[in-house]
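Engineer: Once you have looked at the hints, place chain B on chain A.
So the sequences go chain by chain: A and B. Read left to right, the first sequence gives residues 1 to 150 (our numbering). Read left to right, the second sequence gives residues 151 to 421 (our numbering).
Wrong hints could be hidden among the right ones.
Unchecked claim - Heads up, simulated DSBU-like pairs for lysine-lysine below, C-alpha to C-alpha not over 30 angstroms straight-line:
hint: 1; chain 1: B; residue 1: K407; chain 2: B; residue 2: K377
hint: 2; chain 1: A; residue 1: K131; chain 2: A; residue 2: K142
hint: 3; chain 1: B; residue 1: K386; chain 2: A; residue 2: K89
hint: 4; chain 1: B; residue 1: K393; chain 2: B; residue 2: K382
hint: 5; chain 1: A; residue 1: K93; chain 2: B; residue 2: K377
hint: 6; chain 1: A; residue 1: K93; chain 2: B; residue 2: K184
hint: 7; chain 1: B; residue 1: K281; chain 2: B; residue 2: K301
hint: 8; chain 1: B; residue 1: K179; chain 2: A; residue 2: K131
hint: 9; chain 1: B; residue 1: K179; chain 2: B; residue 2: K281
hint: 10; chain 1: B; residue 1: K301; chain 2: B; residue 2: K318
hint: 11; chain 1: A; residue 1: K93; chain 2: A; residue 2: K131
hint: 12; chain 1: B; residue 1: K393; chain 2: B; residue 2: K377
hint: 13; chain 1: A; residue 1: K131; chain 2: A; residue 2: K89
hint: 14; chain 1: B; residue 1: K184; chain 2: B; residue 2: K278
hint: 15; chain 1: B; residue 1: K407; chain 2: B; residue 2: K382
hint: 16; chain 1: B; residue 1: K399; chain 2: A; residue 2: K77
hint: 17; chain 1: B; residue 1: K184; chain 2: B; residue 2: K281
hint: 18; chain 1: B; residue 1: K179; chain 2: B; residue 2: K278
hint: 19; chain 1: B; residue 1: K386; chain 2: B; residue 2: K399
hint: 20; chain 1: B; residue 1: K318; chain 2: A; residue 2: K77
hint: 21; chain 1: A; residue 1: K93; chain 2: A; residue 2: K142
hint: 22; chain 1: B; residue 1: K313; chain 2: B; residue 2: K281
hint: 23; chain 1: B; residue 1: K407; chain 2: B; residue 2: K393
hint: 24; chain 1: B; residue 1: K382; chain 2: B; residue 2: K184
hint: 25; chain 1: A; residue 1: K89; chain 2: B; residue 2: K393
hint: 26; chain 1: B; residue 1: K301; chain 2: B; residue 2: K184
hint: 27; chain 1: B; residue 1: K318; chain 2: B; residue 2: K278
hint: 28; chain 1: A; residue 1: K131; chain 2: B; residue 2: K188
hint: 29; chain 1: B; residue 1: K184; chain 2: A; residue 2: K89
hint: 30; chain 1: B; residue 1: K301; chain 2: A; residue 2: K131
hint: 31; chain 1: B; residue 1: K301; chain 2: B; residue 2: K386
hint: 32; chain 1: B; residue 1: K393; chain 2: A; residue 2: K93
hint: 33; chain 1: B; residue 1: K281; chain 2: B; residue 2: K377
hint: 34; chain 1: B; residue 1: K399; chain 2: B; residue 2: K188
hint: 35; chain 1: B; residue 1: K188; chain 2: B; residue 2: K281
hint: 36; chain 1: B; residue 1: K399; chain 2: A; residue 2: K89
hint: 37; chain 1: B; residue 1: K399; chain 2: A; residue 2: K93
hint: 38; chain 1: A; residue 1: K131; chain 2: B; residue 2: K399
hint: 39; chain 1: B; residue 1: K184; chain 2: A; residue 2: K131
hint: 40; chain 1: B; residue 1: K301; chain 2: B; residue 2: K399
No lab work stands behind these hints, which were simulated from the structure alone. Just so we're clear, the structure is a prediction, and the values are computed from it rather than from any experiment.
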Amino acid sequence: MAEESSKRRRSIFDLIDEYFENLEAWAERVRETIMERPSWNCRTCTMEPLRDIMVTSNEVIVTVDLPYAEQNTIQVKPVSSDTIEISAKMRRKVSFDDFGITHYRGEFQRFHCQTRIPVPVYMDRMEIRFKRGILEIRLPRKHEYEIPIE
Amino acid sequence: MVWHGFSATFLQLTHKAIEEDENLNEEIKIIERKEIPKGAIMLFGFPDVGLVGVIAASHMISELGLEEVAYMDSRLLPPIIVLHEGLPHSPVRIFGNQNVLLAVSETALQGELIYPIMHSLIDWGRGKGVKMMISISGIPVQDRQDLEELKVFAAASSPEMLKIAQDKGIEILREGYMVGPQAVMLQYCSTLGLPALTLLAQCFFNYPDPEAAAKALEQLANVTGVKVDVSKLLEKGEEIRLKARDMMKRTQQELTKMRKTQEYDIPLYIS
Numbered sequence: 001m002a003e004e005s006s007k008r009r010r011s012i013f014d015l016i017d018e019y020f021e022n023l024e025a026w027a028e029r030v031r032e033t034i035m036e037r038p039s040w041n042c043r044t045c046t047m048e049p050l051r052d053i054m055v056t057s058n059e060v061i062v063t064v065d066l067p068y069a070e071q072n073t074i075q076v077k078p079v080s081s082d083t084i085e086i087s088a089k090m091r092r093k094v095s096f097d098d099f100g101i102t103h104y105r106g107e108f109q110r111f112h113c114q115t116r117i118p119v120p121v122y123m124d125r126m127e128i129r130f131k132r133g134i135l136e137i138r139l140p141r142k143h144e145y146e147i148p149i150e
Numbered sequence: 151m152v153w154h155g156f157s158a159t160f161l162q163l164t165h166k167a168i169e170e171d172e173n174l175n176e177e178i179k180i181i182e183r184k185e186i187p188k189g190a191i192m193l194f195g196f197p198d199v200g201l202v203g204v205i206a207a208s209h210m211i212s213e214l215g216l217e218e219v220a221y222m223d224s225r226l227l228p229p230i231i232v233l234h235e236g237l238p239h240s241p242v243r244i245f246g247n248q249n250v251l252l253a254v255s256e257t258a259l260q261g262e263l264i265y266p267i268m269h270s271l272i273d274w275g276r277g278k279g280v281k282m283m284i285s286i287s288g289i290p291v292q293d294r295q296d297l298e299e300l301k302v303f304a305a306a307s308s309p310e311m312l313k314i315a316q317d318k319g320i321e322i323l324r325e326g327y328m329v330g331p332q333a334v335m336l337q338y339c340s341t342l343g344l345p346a347l348t349l350l351a352q353c354f355f356n357y358p359d360p361e362a363a364a365k366a367l368e369q370l371a372n373v374t375g376v377k378v379d380v381s382k383l384l385e386k387g388e389e390i391r392l393k394a395r396d397m398m399k400r401t402q403q404e405l406t407k408m409r410k411t412q413e414y415d416i417p418l419y420i421s
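The shape of chain A in the complex, shown without the other chains (with noise of 0.2 angstroms):
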């Protein structure tokens, strides 16, 4: 009831904020996208691993490549409620000079990432596994309200 009369009260004004609200975190989405950054981070010693999302009628799959992972140091956390924090302990540090570069000077012994969900999920029913360096990531898919066909 607290709630329609709140949904009533909303004003063109409140419309338009809101608006510019939902508009400002796709720009922002697109930004990260678009932004162009390194795939390692020196400070932090953190490589940032490939990923993918697929989502699916009923549930939300995130796949992640982690070579060289030790199992038991992967973690994935929500953050908040549409994304995912991930992080993985490599078996060896893999410096620069590994690949064959010497102009940038650092080492990395951790993959981390944060991924946004695109679709309402209940993250407390989050299941993983991980097979062949692929972290799989299952995510059961939130319905919040259903359109009746009439």
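Structural biologist: Okay, now just chain B, sitting in the frame of chain A:
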């Protein structure tokens, strides 16, 4: 009258497109650094799903000790050089020995460059009397991490080449779409009457896949007799996956623009 006007315009546009394609080809030069053997097999390892072709090519170069015999020079290419030991190299190069010529790209290629690049390489190979062209690549498969045994499929430029693959026990990719350098290669070789084959190993779409590259090389040996020991490739799998992350990321971006996912589409069969 209207129809004549339309067909004339269509013909003009077609001629213009052919001219533009020829002009693009002319803008690409292949500079030879060594004497090129006649009658070799020409292979292609270009960035695509799972980086199968590039990983296979890179392994072949080190295992067979292939040397750079030619490189591509063109203003169409992005303004990129690859530095090796402080010296500049073209991102698209041809390596070889007496039996094999291997064209490889060390950078992801934009979709619009694939036609002129592939046409130039094939025209060049044809001029060198290449006896067969083979493109090494991948075919993405869902839940790849659950597959214990990877299959390799083949598509060919002619029924004769298809039979060669079938006789060697390679499954044929019967229906579907193909997107990327191997698609252009098959079509162009078919038009020119050049024997050509594409080997496609089941692989990850978005992750470098050294196992798939090893599988493709095994089938390459089966078809051509060019044997490459893949044990080191499999041993170094994790190292390769780590090294190939950035190239995979760039390739993913180009594959998205190229609509690579069309390969998942079910075609409407028109005989």
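Engineer: What are the numbers of the hints the structure violates, in ascending order?
Structural biologist: Numbers 1, 5, 6, 8, 15, 20, 21, 26, 28, 29, 34, 39, in rising order.
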